[in-house]
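Line order of the protein sequences matches chains A and B.
Using the working numbering, the first residue of the first sequence is number 1, and each one after it goes up by one.
Using the working numbering, the first residue of the second sequence is number 1001, and each one after it goes up by one.
Derived from the structure by calculation, the hints contain no laboratory data.
Wrong hints could be hidden among the right ones.
Stretch by stretch, here's where chain B covers chain A in the computed footprint (C-beta under 8 Å, at least three residues) [as the list claims (entries may be wrong)]: (1) 103-109; (2) 172-183.
FRET-style restraints, in silico, Cβ to Cβ [claimed, not checked]: (3) A/D140 - B/D1208: 56 to 66 Å; (4) A/D140 - B/S1091: 21 to 31 Å; (5) A/G229 - B/L1301: 33 to 43 Å; (6) B/S1088 - A/I84: 41 to 51 Å; (7) A/V260 - B/L1308: 31 to 41 Å; (8) B/G1046 - A/S71: 23 to 33 Å; (9) A/L56 - B/P1068: 20 to 30 Å; (10) B/R1061 - A/I84: 30 to 40 Å; (11) B/A1127 - A/L120: 13 to 23 Å; (12) A/M124 - B/A1100: 49 to 59 Å; (13) B/P1108 - A/L23: 18 to 28 Å; (14) A/R14 - B/L1306: 24 to 34 Å; (15) A/I84 - B/G1049: 42 to 52 Å; (16) A/S71 - B/H1076: 49 to 59 Å.
Glycine is no exception: its CB is placed at the ideal position from the N, C-alpha and C atoms.
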Amino acid sequence: MPSHRRRHPHFRRRSRHVVRYVLLTLGALVVLAPIYLTVVNSLLPVSALAQRPPPLVPTSPQWGDYATAWSQGDLGVYLRNSAIQTGVIVAGQLTTSILAAYAFAFLRFPLRRVLFVVFLATLMIPFEVTLVTNTTTISDFGWYNTFQGLTVPFLATGFGTFLVRQAFLQIPRDLREAATLDGYGHLRFLLRVAVPLARPALGALGVFSFLAAWNQYLWPLVVTGNGNGVRTVQIGLKLLQGTQVSHLNVALAGTVIAVVPLLVLLVGFQKHLVRSLTGGAVK
Amino acid sequence: MTTVSPPTGTAVTRGRAQAPGPPRRARRRRVREAALGYLLVLPALGVFGIFVFYPFAANFRLALYRTPPYPGLPSHYVGLQQVGQVLSSSSFLQSLGSTALFVVMVVPTGLILGLLLAVAAYRRLRAMAVYRIIFSSTVVTSVAVSALIFGTLMDPVVGLLPWLGLNPSPPILENTTWALPAIAVMAVWQFLGLSFILMSAGLSAIPDDVLEAARVDGATDRTVFWRITVPLLSPTIFFGVVVATIYAFQTFGQVDILIGPTNAAFEHVNLLVYNILNTIEVNKTSGQAAVLSIVLFVLTLGVTLLQLRFLERRVHYGN
């Protein structure tokens, strides 16, 4: 038995902790530096952007950049569009997933297993692979530059259905039978028992859909190409990037505005997010 | 869209006929249950049919037709000729090569950094929750956000690179050698949050007593990491490889925002999805885009199946 280790366990442990904290802090600085520098740059006057060494604290913050990004960069409109697009997709995915998951978990019907496999098969087809024909479909429907075009292709999710079904299957059989004896029909059982009990899974799915929808880039780029009526904030950022250096701080202010709602979401819903991202895959 | 009763009727009569209670009422109840089942599945199935399966299948037909370079003309059947042409074209091979190189740059780096952060943040120490939030934070960033952030930091005028003594000429994002690694840095940073979350979840699934037992037996931290943590984490790591590879396959937004088709370095960063997008939007040759889409699908499928096979062999570690 290594006895020297026993002698100063407290000291050793403390010094180890210090090393660990130093490493953690270093890691945190590296991860956060790009975001932090962006926030600082967005608050600097353009003339100070090229200053070296780079200013680490904005001494006289230019909040005007944010106002400019909001009004001139049409960021207000883009944020509203993103909120609508994201809201519709999240609500749609939750609804279709709950309905389909209910059928797969509680109802018996021919081809149920086959259909469930069909749902899971959608996970094997990346959206990028369907792009060619989806652009034609949207144009045939006359859905370019509309919210339908932005959202309808994403109103269902195999992953979400899977997640909610798993949660529904956890509900004890006795509960189902008791509810039936109490005269609960399917609708009442779904709304009063199944959905409330599946809240953690639904929260996870909601946060996941929100994140995925808000950050979508490829599809909004394709369907809102030449009209800014429904353009989302991500595409707005692309347009801001194209502006001149004299407006760089405005573009950065726009970036900060676009990412803040999500950082708030992360802090508030970290558990849900982690649950959805690891959804059964790990273990 | 709601006529679902005929198939239910026939299918149900084929099923088990003996049920408790009056047979006719039981049968009617079963038919109604089945009808409800189809009705609930239908909305999602409709979306999948129109926007997933139909466009997926259409690729295989489109790939056989050539679209003329002028809009409005009908496309005509050329069979597999077009497939061969696209697959042997230099632009495709270069695109595939860049994508492969990109995967090699992003996947190991992203996963190793995520694992290191996860191991460092694993102990239950004070303030760890704050570090966890910080390490997962990049999971919420979008490609556009990461492009704008890094585009500025790498800008030849206002960026930090010249100040740090890195001043490639032409500038990094127009440089045929350095543009792809620069995009990879952005992708790794953006992927780090997800990587950290996955690895942390995998770590927390390792029973504490196993690690404790090893330490009591005198194993050093390094031995514990390589002999216990990594093997027990192997399912997570394999899963991470698939997620990271698919993520890398699908990257293109940073290229679209910061580089674009007129840039000198474009040919070296023309990642597969960007190639598909430009083939649709700029060249307007849907047949060629369909061939590229099938390639993307096969690559994604291949990675997923590969992982499943690995997992089947390795999964016994857990139990």
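Hints, verified against the model:
1. 103-109: holds (count 5)
2. 172-183: Not satisfied, violated; 0 residues make the cut.
3. A/D140 - B/D1208: 56 to 66 Å: 58 Å, holds
4. A/D140 - B/S1091: 21 to 31 Å: 29 Å, holds
5. A/G229 - B/L1301: 33 to 43 Å: 38 Å, holds
6. B/S1088 - A/I84: 41 to 51 Å: Check passed, 45 Å falls within 41 to 51 Å.
7. A/V260 - B/L1308: 31 to 41 Å: 39 Å, holds
8. B/G1046 - A/S71: 23 to 33 Å: Given a distance of about 41 Å, which is not inside 23 to 33 Å, the answer is violated.
9. A/L56 - B/P1068: 20 to 30 Å: Violated - the Cβ-Cβ distance for A/L56 and B/P1068, about 57 Å, lies outside 20 to 30 Å.
10. B/R1061 - A/I84: 30 to 40 Å: Because 35 Å falls inside the window, the suggested range holds.
11. B/A1127 - A/L120: 13 to 23 Å: 41 Å, violated
12. A/M124 - B/A1100: 49 to 59 Å: Since the Cβ atoms of A/M124 and B/A1100 sit about 21 Å apart, the hinted range of 49 to 59 Å is violated.
13. B/P1108 - A/L23: 18 to 28 Å: 20 Å, holds
14. A/R14 - B/L1306: 24 to 34 Å: 45 Å, violated
15. A/I84 - B/G1049: 42 to 52 Å: Violated, since A/I84 and B/G1049 (Cβ atoms, about 25 Å apart) do not stay within the stated range.
16. A/S71 - B/H1076: 49 to 59 Å: 51 Å, holds
Hint check: violations occur at hints 2, 8, 9, 11, 12, 14 and 15; the rest are consistent with the structure.
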